[in-house]
Structures are given as structure tokens and as C-alpha cells.
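Novice: Kindly generate the complete structure, drawing on both the sequences and the hints.
Protein chains: 2
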Amino acid sequence: MATEQKPVGVAVLGYGNVGSEVVRIIENSAADLAARIGAPLVLRGVGVRRVNANRGVPIGLLTDDIDGLVSRDDVDIVVELMGPVEPARKAILTAIEHGKSVVTANKALLASSTGDLARAAERAHVDLYFEAAVAGAIPVIRPLTQSLAGDTVQRVAGIVNGTTNYILSEMETTGADYASALADASVLGYAEADPSADVDGYDAASKAAILASIAFHTTVTADDVYREGITAITPDDFVSARALNCTIKLLAICERITDADGTEMVSARVYPALVPATHPLATVGGAFNAVVVEAEASGRVMFYGQGAGGTPTASAVAGDIVMAARNRVQGGRGPRESKYAQLPIAPIGKVSTRYYVSMDVADKPGVLAAVAAEFAKREVSIAEVRQEGVVDDGGQRVGARIVVVTHRATDAALSETVRALEDLDAVASVASVLRLEGTNP
Amino acid sequence: MATEQKPVGVAVLGYGNVGSEVVRIIENSAADLAARIGAPLVLRGVGVRRVNANRGVPIGLLTDDIDGLVSRDDVDIVVELMGPVEPARKAILTAIEHGKSVVTANKALLASSTGDLARAAERAHVDLYFEAAVAGAIPVIRPLTQSLAGDTVQRVAGIVNGTTNYILSEMETTGADYASALADASVLGYAEADPSADVDGYDAASKAAILASIAFHTTVTADDVYREGITAITPDDFVSARALNCTIKLLAICERITDADGTEMVSARVYPALVPATHPLATVGGAFNAVVVEAEASGRVMFYGQGAGGTPTASAVAGDIVMAARNRVQGGRGPRESKYAQLPIAPIGKVSTRYYVSMDVADKPGVLAAVAAEFAKREVSIAEVRQEGVVDDGGQRVGARIVVVTHRATDAALSETVRALEDLDAVASVASVLRLEGTNP
Numbered sequence: 001m002a003t004e005q006k007p008v009g010v011a012v013l014g015y016g017n018v019g020s021e022v023v024r025i026i027e028n029s030a031a032d033l034a035a036r037i038g039a040p041l042v043l044r045g046v047g048v049r050r051v052n053a054n055r056g057v058p059i060g061l062l063t064d065d066i067d068g069l070v071s072r073d074d075v076d077i078v079v080e081l082m083g084p085v086e087p088a089r090k091a092i093l094t095a096i097e098h099g100k101s102v103v104t105a106n107k108a109l110l111a112s113s114t115g116d117l118a119r120a121a122e123r124a125h126v127d128l129y130f131e132a133a134v135a136g137a138i139p140v141i142r143p144l145t146q147s148l149a150g151d152t153v154q155r156v157a158g159i160v161n162g163t164t165n166y167i168l169s170e171m172e173t174t175g176a177d178y179a180s181a182l183a184d185a186s187v188l189g190y191a192e193a194d195p196s197a198d199v200d201g202y203d204a205a206s207k208a209a210i211l212a213s214i215a216f217h218t219t220v221t222a223d224d225v226y227r228e229g230i231t232a233i234t235p236d237d238f239v240s241a242r243a244l245n246c247t248i249k250l251l252a253i254c255e256r257i258t259d260a261d262g263t264e265m266v267s268a269r270v271y272p273a274l275v276p277a278t279h280p281l282a283t284v285g286g287a288f289n290a291v292v293v294e295a296e297a298s299g300r301v302m303f304y305g306q307g308a309g310g311t312p313t314a315s316a317v318a319g320d321i322v323m324a325a326r327n328r329v330q331g332g333r334g335p336r337e338s339k340y341a342q343l344p345i346a347p348i349g350k351v352s353t354r355y356y357v358s359m360d361v362a363d364k365p366g367v368l369a370a371v372a373a374e375f376a377k378r379e380v381s382i383a384e385v386r387q388e389g390v391v392d393d394g395g396q397r398v399g400a401r402i403v404v405v406t407h408r409a410t411d412a413a414l415s416e417t418v419r420a421l422e423d424l425d426a427v428a429s430v431a432s433v434l435r436l437e438g439t440n441p
Numbered sequence: 001m002a003t004e005q006k007p008v009g010v011a012v013l014g015y016g017n018v019g020s021e022v023v024r025i026i027e028n029s030a031a032d033l034a035a036r037i038g039a040p041l042v043l044r045g046v047g048v049r050r051v052n053a054n055r056g057v058p059i060g061l062l063t064d065d066i067d068g069l070v071s072r073d074d075v076d077i078v079v080e081l082m083g084p085v086e087p088a089r090k091a092i093l094t095a096i097e098h099g100k101s102v103v104t105a106n107k108a109l110l111a112s113s114t115g116d117l118a119r120a121a122e123r124a125h126v127d128l129y130f131e132a133a134v135a136g137a138i139p140v141i142r143p144l145t146q147s148l149a150g151d152t153v154q155r156v157a158g159i160v161n162g163t164t165n166y167i168l169s170e171m172e173t174t175g176a177d178y179a180s181a182l183a184d185a186s187v188l189g190y191a192e193a194d195p196s197a198d199v200d201g202y203d204a205a206s207k208a209a210i211l212a213s214i215a216f217h218t219t220v221t222a223d224d225v226y227r228e229g230i231t232a233i234t235p236d237d238f239v240s241a242r243a244l245n246c247t248i249k250l251l252a253i254c255e256r257i258t259d260a261d262g263t264e265m266v267s268a269r270v271y272p273a274l275v276p277a278t279h280p281l282a283t284v285g286g287a288f289n290a291v292v293v294e295a296e297a298s299g300r301v302m303f304y305g306q307g308a309g310g311t312p313t314a315s316a317v318a319g320d321i322v323m324a325a326r327n328r329v330q331g332g333r334g335p336r337e338s339k340y341a342q343l344p345i346a347p348i349g350k351v352s353t354r355y356y357v358s359m360d361v362a363d364k365p366g367v368l369a370a371v372a373a374e375f376a377k378r379e380v381s382i383a384e385v386r387q388e389g390v391v392d393d394g395g396q397r398v399g400a401r402i403v404v405v406t407h408r409a410t411d412a413a414l415s416e417t418v419r420a421l422e423d424l425d426a427v428a429s430v431a432s433v434l435r436l437e438g439t440n441p
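Chains as they are written, first to last, in the working numbering: chain A, 1 to 441; chain B, 1 to 441.
Hints were generated in silico from the structure; no laboratory data involved.
Take the hints with a grain of salt, since some may be wrong.
Said to hold, decoys possible - Computed cross-link-like contacts, DSSO-like style, restricted to lysine-lysine with a CA-CA straight-line distance of at most 30 Å: (1) K377/A x K350/A; (2) K6/A x K90/A; (3) K339/B x K90/B; (4) K339/B x K6/A; (5) K6/B x K339/A; (6) K350/B x K364/B.
As the list claims (entries may be wrong) - Partial chain B-side listing against chain A, Cβ under 8 Å, derived: (7) P139; (8) L148; (9) R155; (10) T231; (11) P235; (12) A297; (13) S298; (14) V301; (15) M302; (16) F303; (17) G305; (18) S315; (19) V322; (20) M323; (21) Y340.
As the list claims (entries may be wrong) - Simulated restraints, written as ranges between beta carbons of each label pair: (22) T231/A x Q342/B: 39 to 45 Å; (23) A428/B x L188/A: 37 to 43 Å; (24) P347/A x T234/B: 56 to 62 Å; (25) G389/A x T283/B: 35 to 41 Å; (26) R119/A x R123/B: 34 to 40 Å; (27) D236/B x A260/A: 46 to 52 Å; (28) T174/B x I257/A: 38 to 44 Å; (29) T231/A x R386/B: 47 to 53 Å; (30) S196/A x G285/B: 38 to 44 Å; (31) E294/B x L188/A: 20 to 26 Å; (32) G60/A x Y340/B: 26 to 32 Å; (33) E192/A x T174/B: 47 to 53 Å; (34) E192/A x Y340/B: 40 to 46 Å; (35) I382/A x T234/B: 46 to 52 Å.
Being a predicted model, the structure only gives us computed values, none of them experimental.
Just so it is clear, CB atoms sit at the ideal spot from N, CA and C, and this is done for glycine as well.
Specialist: As C-alpha cells, this is what we get:
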């Protein structure tokens, strides 16, 4: 039955880790995919920058004429896995203009878009799917856009970057400093030659923008996401974290917040944070990803799995291809994200969370009182404070360190407090400020 | 824009915990739902067994004429939350015949069906959604049918019944026996007056049938699911489990297995099993649910959240309503499960797993050798064996207990071994046989 149907033509752009796995799945699972789609799936061509042999696909399928490939009459679905924002954007828009449905894993492109790709797909009445753009093999886009479509999402918090999670897990387990954990990650292929996209939080910020957009039905771009990376995290921070029965994770957080005057806003942010050991995200180790969604009716739902890697990512891409192909065969389109809400972006200063502040102080009476006064002045309530002596190599006490854990306060109030602390004579320096997420106030 | 569209009419059948929450969501989130759907959602009526006041819905909306309600011209979507297989099946088929899309949480009905509901929906070209039928608020149906549509699922293992998970968690934590843990669960409202559907594994078996059907694109009914409940689990089993660094969970397992002659089969089964403390399912406590999916490309993906309760289940139902309504507005249909594979059901004898067997034996030399010989004869390889003395109240040694943990073996070989052990003179009785899941061989 299935084979009598007109085949669905697929063009794959990019033949790296993910692209080659997608081609392998299309070829090796042909019979199953045809049965699920109701028509055979046929690979029409693979677009690459330079055509050369030894790629593992018949040379006749390779082409560097991307424009030509995506506008071919016998191509129904274009799978964009080339990487950078350009030329991917141009290729996708050309494909859409020619009536092709598009599957992409390009988070940077999706997160830089203010919805122009979605609008183009809407106008052309084609599908634009991107399950693989966030958290690799883990289904999060469909659960958010479909399963939770009748609920009100309050918060999405996730570990969405495997490289930084590997580095932080490594620092925690071995006591290594950031530089050597990064070096280990590079040797194992977890970190790129230029690790900035990962360690400075750009990759996680793109994913946060995508998650916030679909969770809250609004437009959030990567530029709207407040971002801090992990490069300043020290072994000392992990020692302090352990003392608080916490670990440190780079979190992407998307939150619906209500301003003092009742305005509903969206906060999207990426930063390393203390997470209690009992929180489900604390146990997500190594290169794994996890996303926790909190919605009004569903409560807390968690998704966990492999967030990167050619094969797992290809699973998500292949799922999108099957869905887009089914829609072609049945003459419909899948549901798409809605952007009706148009919520303003909350500046980081308005975001409330808890904080851990450690500072080096003079070892003399009255210091703790002076420090506590600065917190009190700005209504930042202290939950816990600890003072430890700092000794030099000879065992001589040379100063003290104060660690403060606050209750919930706005980022603005906390930042002002930290500036004031730095101005105090008794405070030599504020060593570290980290947010504490995943606890009740 | 949205409000100029013709509204989408909804009829809700059943007004219990879930039904009343669904009605609440439709009313309280009206503006949001309308924006997401592209048209307003209007509640046309609520079908109940007996119309009486004080239900919290306007009396005019209540009706006991189910047939009349589901065939009304201004109803587009029928939401079936009545419960038992009948009259739910009749109501759903009538609704489908009248061209209505159907959303249901009725796992018993879905699992007793060999596909007649799906075929009726196919013929009538309407949607049949049931995200809420398995694991409440946790999205598992859409991830399996859509996100993993391009992958080959090998195994689905889940904790899908909150009542039994609560009872087992309670037994583990407090050392209580089954009867008193069940009594606690009843007091807290976690167990029904007649707990059989939960504790004998019928509810989990329905969910296993649904999961196996969609994961493997084949037909599996509840009758095809091998089933053991938790009523025979003793505090002793938990002591033994702890000694093996395991816990005990009621698992629903769906697995693709290959027979000795190369035939591909599906195994679907529900039983209490030892699970290593390090396995992600081991930490799922209380009334929570979790489902782990293992697929060829994606690797292991886990979903976790609240598996029951009116409000979480209503979230899943509301998501289905929004998706069915969007399809109405856009003139299409959603993707449905495919059943092309028609895999045979594997009898339990052909299923391979590991086992824990404890037995009371005579305290004399040669017993261990005799016991080991029975395992060896049937090629059941022993991984670990432990012998302990059993003492009476006076501190007198009166016998011994042998605990054996096997490597992977077929259920047939293990069952035969157990029968042979029971026939041995030296073995007083086989106290307990439990499967060990979630480890490598």
C-alpha cells in the first residue's frame, strides 16, 4: 500500500556528525519509515560546501549548489544541518519560498530570529520543525508545544549544554580547576577548539530563547537572554557548594514573572547556579541534558537524556522528517508555535532568586555586623551566614572569609549590596557571587 | 482575530476529579486557549449519569443524554472521562460516527481495543487523542508517536501506577508489610476501596499495552500483557533487595525481542522487580511516575512527573483538546499511531531477564551444591549466591536460607529450575522469586 504512494523527497544540507546519521537512518530504516509515513522517503541530494568522494554517500547525490537543491521539484522536505546562521537562513528561506517543509537543528539561527522563519513558513503553508535544536534526542519541543498546549507554563529550567555540564561535573568530582577540566573536555572531544559558544553560555542562551518563546507563546531572541558563563567558577566554589549540600550547574531558566505593577513579563537567563543535591537537576551528570517544566496544572515534569552527539540528535531530526512527511502525504500541516502573547522581557534586575556571596574580610570584631547591615539596608534577607578563618602556609591566621546565603531578593538589590560590600573598608574583596536555584524561599 | 473564527464546541463526558478540572481550565484559560487554537473554545455540555445541582457547572450544561450530547451539531470535540469501558466505548463510537474528534483518558478501554476505535477514527477522518491515558501529566504518547517517529524503539520501561509505587515506597521506607502499607494508602486516598486494579497490576497492564502498541507500531491489548501484582511482596524481600543495593518497583516493560529462529516479537509485561539503586527508576518515589524509553539512535530518554490526580491529568487532556481544536480550525488532522508492524506477542517463557531466588533449606552439607546443580542443569548461570543461617527465637540455629542471583536466562528455564528446587528434599520451600531489571547481564 505504502509503496504505491508518490514518494516524499528529502534534501539534506550538511554532512557532518548529524547529517551523516540522518542519511544512514533514511537508508537503513526505509521500510519502517515508509510504513509510518504512508509513502516512501527518498533522499534526493545532500548539499555540502565542497563535493568530494569518500563521504559515504553516492557521489551523484552530493552537490554544492544549495539553492538548486532546495528548489528542486522532487524535493518536499529540506533538512538543514549546516550549522552557522548564514548561509543556513538563506537556504531555509529559499526552501520555504519554494513550498518545502523544513527541519532544522540550528539553534543559533532559530534564536536570532524574531519569528521571520515561522512567518515565512506560515505564509507558504509549510512545516518548520526543530525538535533537535534543544536538548538533542530529548523530546522537549513537542511536549511544550503540544502536550502542554492546554496548560499555563510557569517556568522551564534546564541543563541544556553538555560541554559545560561535563566540565562542571569534572570539577566537582576531581577537584580540578576550570582550565584543566576544560582541557580534559577538549581531549575527549566534548569541547570545541574555540570553546566560547559553550563556556560563555551562548549555546545555552540560544536554547533558552527557543524554550521561552514556545513555553510562553511570545518572541524571545538570544539577545534577550541574560547570560553568564562558567569560566569564573573555582574549586573553592565547589567546596562552598558542598558545605551547603549543593552542586553547581549551568542553568537555562525561562520564567513568567509579574512586575510590582502587575505587568506580566518573561525572564530568560543562563548562569551557573547552586542547585541543592536533592533537586532532580543536581544528579544530571556528564554530557547529559535535562529539562524541568513547571506548569499550573501538570506540576513539575522532567525530561532527561542525551543532549548532543550525532546519533541522538539524528533521532530527533528523523522524528521531525517523519512528521513533516506524514503531513505532506495527508495534505495537512502540523501545529506550529503561537506567538500571540508578546510579553515584555524582564531585565535581570527584576528577577528574584536566592544568592550565595563569599567575601574575604579583615579578621577583626564588628566585621560581620557591618556586612549584615549592608544586606539589611537593601532588604536582602539573610538565611545563613558563616565565618571561617583563613590561614597562610605557616598556619598563621591572616584573615577571614564570610559566606552569606540570602533568601529571595531581586538581582538589583543584590547587585547594589555587593557594590556596597566592595566599598566597605573591612571587606578586602567579594570572592564569589552565585545564585541558588531550585529551593523554596 | 481569533474571536472572529467560528468557535470550536466541546462536550465533556464525566464530571469527576479530571472532568471538573478540564471544565475549569476551559473556562479560566479561555483567552489563552482561543489564541493558541485560533478560535474560541466553547463548552457545549457536560454528560453525567445523574443530573443534579451543586456540581459547579451551570445546570443548563448538564445532561444525562450522552447520545444526544455527542451527536449535537455544535459539538466538534468529545472529551470522554467517564471511566469504565462501557458506556465509554459506545459514546466514543457514536461521537466518531458523527464526525467528532475524541479525547479520552480511558486506558482500560484503549487497552481492550484491538484498534477498532482507531480504525473508526481513521474512517471518519477525525482525531483520537489519549495523552492522559498513560502517566497522567507526563507527555509520553506524543514523544513516542512523534518525536521518536524516525527512530527504532527497543524498550520502554516505566513506573506507571502511583498507588503501587506509593505502597512499595512505604514498605521500603518504614519496613511495613504489604497489608499495612495498603491500609495507609487507602487512608490517604491513594488506593481505591477495591484496590485490585492497582495492586494486581491490571492498571499498569493497560498502560503497558498502550505503550507497546505505539512504541512498536503493532497491536497489543491488555490480555497480551503478562501480569503479576505486588500483593506477595514481603518486608523480607526489601531486606534482600537492600543487601543487593536494589529497591523493588512494579515495572511495566515493553520490549522488542528476537526469537531463536530470528522472529521479531513484542513482549509486554508487568511485575514487581528488583531495580539497582543507581538506575533512574529507583529514585522515583511515592505517587510519581516515570517512563524510560530506549531507542536505537536516541539512546535512553526518561520522562518523569505526576502520573495521576485530577489536575495533572487534566493538563494532558487540555493539551489534547487544544491540538484537536487546532486541527479543526486548520481543516486537518493530527498524526495517528500506525499499526503496520503486526508483531507476534512473545510468551513470558521466551523473555530473558535476571532473577533473584530465595529459598529455605536444610542446614546440612551439600545443600548448596545440590541447589547449584539444578540451576546448572537448565543453563541458568549463577552470578551470586549467599547462604545465611536462620535462627529461632531462642537463638538456636534451625535452618538456612539461600539467596541466588542469576545472570540473564529465559523465564521458561528459570521456572523449570524453581519447580525442580521445590522437589529437592533439601529445599523446604522457595520463599521468593523476583526478577532483576535494569542491569547489564
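Novice: For every hint, state whether the structure bears it out.
Specialist: Each hint tested on the structure:
1. With a C-alpha separation of about 18 Å, the suggested pairing of K377/A with K350/A holds against the 30 Å cut-off.
2. Proximity of K6/A to K90/A is assessed by CA-CA distance (about 28 Å); at most 30 Å being required, the pair is judged to hold.
3. For the suggested pair K339/B and K90/B, the alpha carbons sit about 23 Å apart, so the restraint of at most 30 Å is met.
4. About 21 Å separates the Cα atoms of K339/B and K6/A, which keeps this hinted pair within 30 Å; it holds.
5. A threshold of 30 Å between alpha carbons decides the hint, and for K6/B with K339/A the separation of about 21 Å falls inside it, so the pair holds.
6. Taken as a hint, the K350/B and K364/B pair is broken in the structure, with Cα atoms around 35 Å apart against an allowance of 30 Å.
7. Because the beta carbon of P139/B sits about 3 Å from the nearest beta carbon in chain A, less than 8 Å, this interface hint is met.
8. Annotation: L148/B was flagged as interfacial toward chain A, and the flag holds, the nearest CB pair being 6 Å apart, inside 8 Å.
9. Taken as an interface hint, R155/B does not check out: its beta carbon lies about 14 Å from the nearest beta carbon of chain A, beyond 8 Å.
10. Below 8 Å, beta-carbon pairs count as interface contacts, and T231/B has none with chain A, the closest being about 29 Å; its hint is therefore violated.
11. The beta carbon of P235/B is not positioned within 8 Å of any beta carbon in chain A (closest approach about 26 Å), and the interface hint is therefore violated.
12. About 4 Å separates the beta-carbon of A297/B from the nearest beta-carbon of chain A, less than 8 Å, and the hint is met.
13. Checking S298/B against chain A: minimum C-beta separation of about 4 Å stays under 8 Å; hint holds.
14. Interface hint at V301/B: satisfied, since its Cβ lies 4 Å from the closest Cβ of chain A, which is below the 8 Å cut-off.
15. Interface hint at M302/B: satisfied, since its Cβ lies 4 Å from the closest Cβ of chain A, which is below the 8 Å cut-off.
16. Contact between F303/B and chain A, as hinted, is supported at the beta carbon level, the nearest pair being about 6 Å apart and thus within 8 Å.
17. Proximity of G305/B to chain A holds as hinted, the smallest CB-CB distance being about 4 Å (cut-off 8 Å).
18. Evaluation of the S315/B hint against chain A yields a held restraint, the C-beta minimum of about 4 Å falling below 8 Å.
19. The restraint placing V322/B at the interface with chain A holds, with a minimum CB-CB distance near 4 Å, inside the 8 Å limit.
20. Below 8 Å, beta-carbon pairs count as interface contacts, and M323/B has one with chain A at about 5 Å; its hint therefore holds.
21. Because the smallest distance between the Cβ of Y340/B and any Cβ of chain A comes to about 4 Å, under 8 Å, the interface hint for this residue holds.
22. Against the hinted window of 39 to 45 Å, the Cβ-Cβ separation of T231/A and Q342/B comes to about 55 Å, which falls outside the hint.
23. Checked against the given bound of 37 to 43 Å, the beta carbons of A428/B and L188/A, roughly 54 Å apart, lie outside it.
24. Range check, P347/A to T234/B: Cβ separation about 59 Å, and the 56 to 62 Å hint holds.
25. Range check, G389/A to T283/B: about 38 Å between beta-carbon atoms, so the 35 to 41 Å window is met.
26. Between R119/A and R123/B the C-beta distance comes to about 36 Å, which sits within the given range of 34 to 40 Å.
27. Roughly 59 Å separates the CB atoms of D236/B and A260/A, a value that falls outside the hinted 46 to 52 Å.
28. A C-beta distance of roughly 40 Å is found between T174/B and I257/A, which places it inside the suggested range of 38 to 44 Å.
29. Roughly 51 Å separates the CB atoms of T231/A and R386/B, a value that falls within the hinted 47 to 53 Å.
30. Separated by about 40 Å at the C-beta atoms, S196/A and G285/B satisfy the suggested range of 38 to 44 Å.
31. Range check, E294/B to L188/A: Cβ separation about 24 Å, and the 20 to 26 Å hint holds.
32. Between G60/A and Y340/B the beta carbons are some 31 Å apart, a value that agrees with the proposed interval 26 to 32 Å.
33. Between E192/A and T174/B the beta carbons are some 51 Å apart, a value that agrees with the proposed interval 47 to 53 Å.
34. Roughly 42 Å separates the CB atoms of E192/A and Y340/B, a value that falls within the hinted 40 to 46 Å.
35. At roughly 50 Å, the beta-carbon separation of I382/A and T234/B lies within the given 46 to 52 Å, and the hint holds.
Violation of the numbered hints given earlier is confined to hints 6, 9, 10, 11, 22, 23, 27; the remaining hints are satisfied by the structure.
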